[in-house]
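Each of the two chains sits in its own frame; use the hints to bring them together as a complex.
Protein chains in written order, with this note's numbering: chain A, 1 to 115; chain B, 1 to 113.
Source of the hints: derived by calculation from the structure; they are not laboratory data. Check before you lean on any hint, since a few could be wrong.
Taking lysine to aspartate or glutamate pairs in the EDC-like style, the calculated list, with each CA pair at most 16 Å apart, reads [unchecked claim]:
1. K49(B) with E103(A)
2. K14(A) with D88(A)
3. K41(A) with D8(B)
4. K55(A) with D65(A)
5. K100(B) with E59(A)
Cβ-Cβ distance ranges computed for the label pairs, FRET-style [what the hints assert, rightly or not]:
6. N51(A) with Q45(B): 16 to 26 Å
7. V3(A) with E71(B): 29 to 39 Å
8. S14(B) with P100(A): 39 to 49 Å
9. E64(B) with Y102(A): 18 to 28 Å
10. D65(A) with T72(B): 36 to 46 Å
11. V3(A) with N61(B): 37 to 47 Å
12. A1(B) with Y102(A): 19 to 29 Å
We put the CB at the ideal spot given by N, CA and C, even for glycine.
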Amino acid sequence: GAVVSQHPSWVICKSGTSVKIECRSLDFQATTMFWYRQFPKQSLMLMATSNEGSKATYEQGVEKDKFLINHASLTLSTLTVTSAHPEDSSFYICSARDFPGYEQYFGPGTRLTVT
Amino acid sequence: AQSVTQLDSHVSVSEGTPVLLRCNYSSSYSPSLFWYVQHPNKGLQLLLKYTSAATLVKGINGFEAEFKKSETSFHLTKPSAHMSDAAEYFCVVSREYGNKLVFGAGTILRVKS
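So here's chain B without its partners, still in its complex pose (with noise of 0.2 Å):
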């Protein structure tokens, strides 16, 4: 069975530092991983997805995260924050790409002036 595990229920960084949310995996087969992003009142949109093709990953916005087998991780970061990132993010995992998304408990990120 897939599971993630979002290591950090909260994360707060000040406007133009880095971002890193982070995001542990288990699964018997080879994942499919993906970062969403939830505003409130918004419905998830999808930030970026990994699909056993390059293990680093460019998404919108200036996201990127990186597959790391040998560490079954996948952390988001992001050189630089804005005021918009603050959102809900999370951490998923799919064995059937595009179907049984398993989500991680999410990650709210604040993001100080």
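This is chain A alone, in the form it adopts within the complex (with noise of 0.2 Å):
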């Protein structure tokens, strides 16, 4: 149980077009959802935290209107980078979690190349 996927696993842009990353929790209700980045050979570090149905709350540094989040379901979430550029190449993962839990059950990534 607990599983979350993540859509498209490996993705290569052109330099300002927009690319959608899907996350999804495919046996439990997730009320909370997470976005991470990583860089290569760095940690993750949170870019934003979103409630089912609610705006996304942003870490400081992130750009909202670059990286646009919608939870638009309990199983749903999306994470669109607008206008991609070259400095935005890197693995993104998500995280769910359920109500009342506590643990974040994690995605297997997704590696963003912008061209």
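Right under this line is the structure:
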């Protein structure tokens, strides 16, 4: 149980385009989802927290207009990288938590390469 | 602010020998501490967690960790390494249990046959 999937697992896009990444909780309802970013050889950094039906809360330094997060249902959250630039290339990982649980269950990640 | 320092970026052990992955934390509050493991192309999996109960925490797959407040450490150990333990391990601290996870840089464990 407690499986989280991400799609796509790997995406290449051209500079200036937008790309959407999906995060799904497959066997539980996720009241809260988290989005992380991981640069090569660095640790994961929390980008934003989203609660179902509410606006996401972004961490300091994360551009909310660039990284659009939608948590429209209890099993799906999406991260859209708008007007992507090469510096947005990274590994994006989502996690999901049910209520009233506290453990976060992580997806396998999405590698984004912007050319 | 919370932070974690994983003291080794790579650890190499022989199969059947003990594993020690070191982690020091910094927190202004009584922290919650976690160890996660990440196998290639798999999601992060929780190994164990400390939430101010027993200082010696037992996790899955024979791993355990000891919370030492005086040393601000939360080292991960296993008595006997198995080939399947080869993966990347992350030490994580949280002020709010379940929220705001702060990750260490990770330690890659290699197990030699």
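Evaluation of the provided hints:
1. K49(B) with E103(A): OK: K49(B) and E103(A) at ~10 Å, within 16 Å.
2. K14(A) with D88(A): holds (11 Å)
3. K41(A) with D8(B): Distance ~13 Å between K41(A) and D8(B) Cα, so the pair holds.
4. K55(A) with D65(A): holds (12 Å)
5. K100(B) with E59(A): Holds. K100(B) to E59(A) sits at ~10 Å (cutoff 16 Å).
6. N51(A) with Q45(B): 16 to 26 Å: holds (24 Å)
7. V3(A) with E71(B): 29 to 39 Å: Since the Cβ atoms of V3(A) and E71(B) sit about 37 Å apart, the hinted range of 29 to 39 Å holds.
8. S14(B) with P100(A): 39 to 49 Å: holds (43 Å)
9. E64(B) with Y102(A): 18 to 28 Å: Holds, at about 21 Å.
10. D65(A) with T72(B): 36 to 46 Å: holds (39 Å)
11. V3(A) with N61(B): 37 to 47 Å: Between V3(A) and N61(B), where Cβ atoms are some 19 Å apart, the hint is violated.
12. A1(B) with Y102(A): 19 to 29 Å: holds (21 Å)
Checked against the numbered hints given earlier, this structure breaks only hint 11.
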